[in-house]
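Those sequence lines, one after another, are chains A and B. Just so you know, we're using our numbering here: the first sequence kicks off at 3 and counts up by one. Just so you know, we're using our numbering here: the second sequence kicks off at 22 and counts up by one.
Mixed in with the good hints there might be a few duds.
As the list claims (entries may be wrong) - Here are the simulated DSSO-like cross-link-like pairs (lysine-lysine), alpha carbons at most 30 Å apart as the crow flies:
#1 Lys-164/B - Lys-262/A
#2 Lys-262/A - Lys-117/A
#3 Lys-164/B - Lys-117/A
Everything labelled a hint here was simulated from the structure, so no lab data went into it.
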Amino acid sequence: MSEILSAAVSIGFFGLAFAMVLYLISVGLSVTMGLMGFVNLAHGVFAMFGGYAVTTLMNSYGMPFWASLICAVVIVAMLSVAFERVLYRRLYGGDELDQVLLTIGLVFMSVAVAKYFWGPLAQLFQPPSELRGQVDLGFREFPAYRSFLIICGAVLVTGLWLALDRTRFGAKIRAAVDNLRMAQAVGINTSGLFTVTFALGSGLAALGGGLGAELLPIYPGYATDYLVYFLIVVSVGGLGSIRGPFLAALLLGIADTAFKYLLPEIGSFFIYALTLVLLMWRPRGLIGPS
Amino acid sequence: MTAVAERVVASAAETFARRHRFRWYEALPWLVAVAGYFAFPDYLALGSQILATILFALSVDLVLGYGGIITLGQAAFFGAGAYTAGLLAAHGMGAPVIGLLIAAVAAALVGLISGVVVLRTHGLTQLMMTLMVAVMLHEAANKANTVTGGADGLQGMEVGPVFGLFHFDLYGNTAYFYCLAALFICWFVMRRIVHSPFGRSLTGIRENEARMHAIGSPVFRRRLVAYTISAAMAGVSGALVAQTTQFVATDALGFERSGNVLIMLLLGGIGRLYGAFIGVPLYMIAQDRFAAIDPVYWYFWIGLLLVLMVTFARGGVLGIVDRVGAVLRRRR
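For reference, chain A alone in the conformation it holds in the complex (with noise of 0.2 Å):
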C-alpha cells in the first residue's frame, strides 16, 4: 500500500513540476491566440531561446542563475517584439494558413540557427548550487530544483492571475478576447496592447524554457518536438483563456509522467488519444468561450 503511495506522490510531484513550465510556456501562446486569432506556431522558438541564453549566460559568462534568468526574458520580449511588429502584424485577421506558413518557417529557420550556434547537443543545464540535492519535507524527500519550479510556477501563476483580474491592464486584455471591435470602439489601443501581450508572452515562453531547461532538454530540435506538447495544452485549454491552459498543463504534466512511469511502452500514444478525445467532447477547449 505504501508503495503505491509513494509512486502516487512521486508522480503527483514531477507531474507538477512538469506542468508548471508547460503552463510557463504556454500561457502566452494561449492569450496571444486568443486575443490576436493569430495561429502562433513558433512560440516554442521563444521558449528554445529563452533557454538557450540562459545556459549560455551561465555556461560561457559565468553569470548567477538569476541575473541570466531576467536578462533571457528581456532579451527573447525585446526580439519577440521585433517579429512582432515585422512579420505577424501583417498576418492579423488574415487567412489562417499564410499563419501556419510562415510560423512553420521560422521554426525551420530556429532549427538551423540553434544548430549553427549551438551545436547539434543538447545544452548542459546546472541548477544553482542552492537548489541542488533534495529538501526534506518531514515525511519525504523531493529534489529540491523540482520542488522550486513548483512553488516558482505557483507564485507566477498567482501573480499573473491577480494582473489580469485586479489591473486595468488586464481588464483591457479580457475586453479584448471578449470582444476586439467593441474594445477598439471603447478607445482601447488595440495595437499597442498586443505588442505588449505579444513581448509579455514570450518573455514568460522564455522564462518557462529557461527553468525548464532540465525537464524540456534545449536542442535544436526543440520548438518542433515540443509543439505539439504547447499546442495541446492551448487546445485542450481553450484559447484566450489563462485558466483553462492551467488545468490542460496539469492534465497533461500529470498523465504524460503517469504513462512514462507506469507504462512507459505506449507512454506517449495514451497522451495523443486522450487529447482527441477531450477535444472531441469539448472542440473549443475545457474553459473557453462557449
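Chain B: place on chain A using the hints.
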C-alpha cells in the same frame, strides 16, 4: 439592355462549358517528365521520388486548396500507405500494383476514420486534430518496432516486378515509369474531381460554408469524401516511395514530412492543381543540390523562403505567372 444581359449569360455559359477542357499547357508536365527521362538518365532515382512527392502534394492540394481544410497531419496517410506496402512486401506479397491498391484502401480507411473526428471541428482545434492523428500513428509505429523496425526502418522488403514483367532495376528505369503512370492516373482522377459538381461544391464550402449549408449542400459529407480521397492519394504516394526505395521508417509519418509538403505546394501555388507540379520539383531539385552541401543551412533558407513568400508572394510561382500575365494583358 436585354441584349447585354443575354451576352453576359452566354459568355458565362461559355466559360462554364469550357472550364474543364484540356488546354495545351496541361501537356507540359508530362512532356517534361518524359524529356527528363532521356535528358538525365543518372537522376532517375531522384526523378521517381519527385513524381511520387508530386502526388503527395496533389493530395494536400485537394483537401487544402479545394477543401479549405488546413492539415498538419497529411503524413499520417502517406505513412499508412508506405507501411502497408512495406509490410506486404516484407511478408511475401511483393506484387507492386496490388500493394499500391491495398495501400490506397488502407490509407483511405485511416482518412475516413480520422476524418469523421477531425472534420467536425474548426480552426485551431481542427489543425490540432490533424496533427494529433499523425503524431499518434508516428508514436504507434515507433513503439511497435518489432513490426515496423522503428526509426531504423522496416527490414526485408522484397518488391516483385510490375505486372510480373518489369523488374525494378538498379538505374530506376522501371521505378520512374511506374511512378509516372501512377501519378498520371491520380492526376487525371483528381482533375475530373475538381471540375465536377462535387469539386465545385467543395470550393463553395471553402469560400462560404454557411451559404453552402443554406442551399442544402451536405457540407460534412462532402468534406469527408474529399478527405478520404486525399488520404488514398497520399497513401499511394507513400506506397510508391516505399516500393521504389524498398525502405520505410518512422519519418514517413513525421511532422517534417507534413510541413515540407505544405511548403512545396505553397511554392508552386495552392488550389491550382498544377502548383504541385512546379513546387515539388523546384524544392526537391534545390534540396538535392544544396542540402548535399549542408543540410543545416538548407532548413534555414527554406524557412526564410517561406517567410518571404507568405509576406510578399502569396500565390507561389503560378501566382507570380498570373500577375505577370495580368500586367502584360493590361499593356496590350
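- Query: Does Lys-164/B pair with Lys-117/A here, judged by a C-alpha cut-off of 30 Å?
  - Reply: holds (28 Å)
- Query: If you draw a straight line from the CA of Lys-262/A to the CA of Lys-117/A, is it 30 Å or shorter?
  - Reply: Roughly 29 Å between the alpha carbons, so the hint for Lys-262/A and Lys-117/A holds.
- Given the hint that Lys-164/B pairs with Lys-262/A, does the C-alpha gap stay at or below 30 Å? holds (13 Å)
Hint compliance for this structure: no hint is broken.
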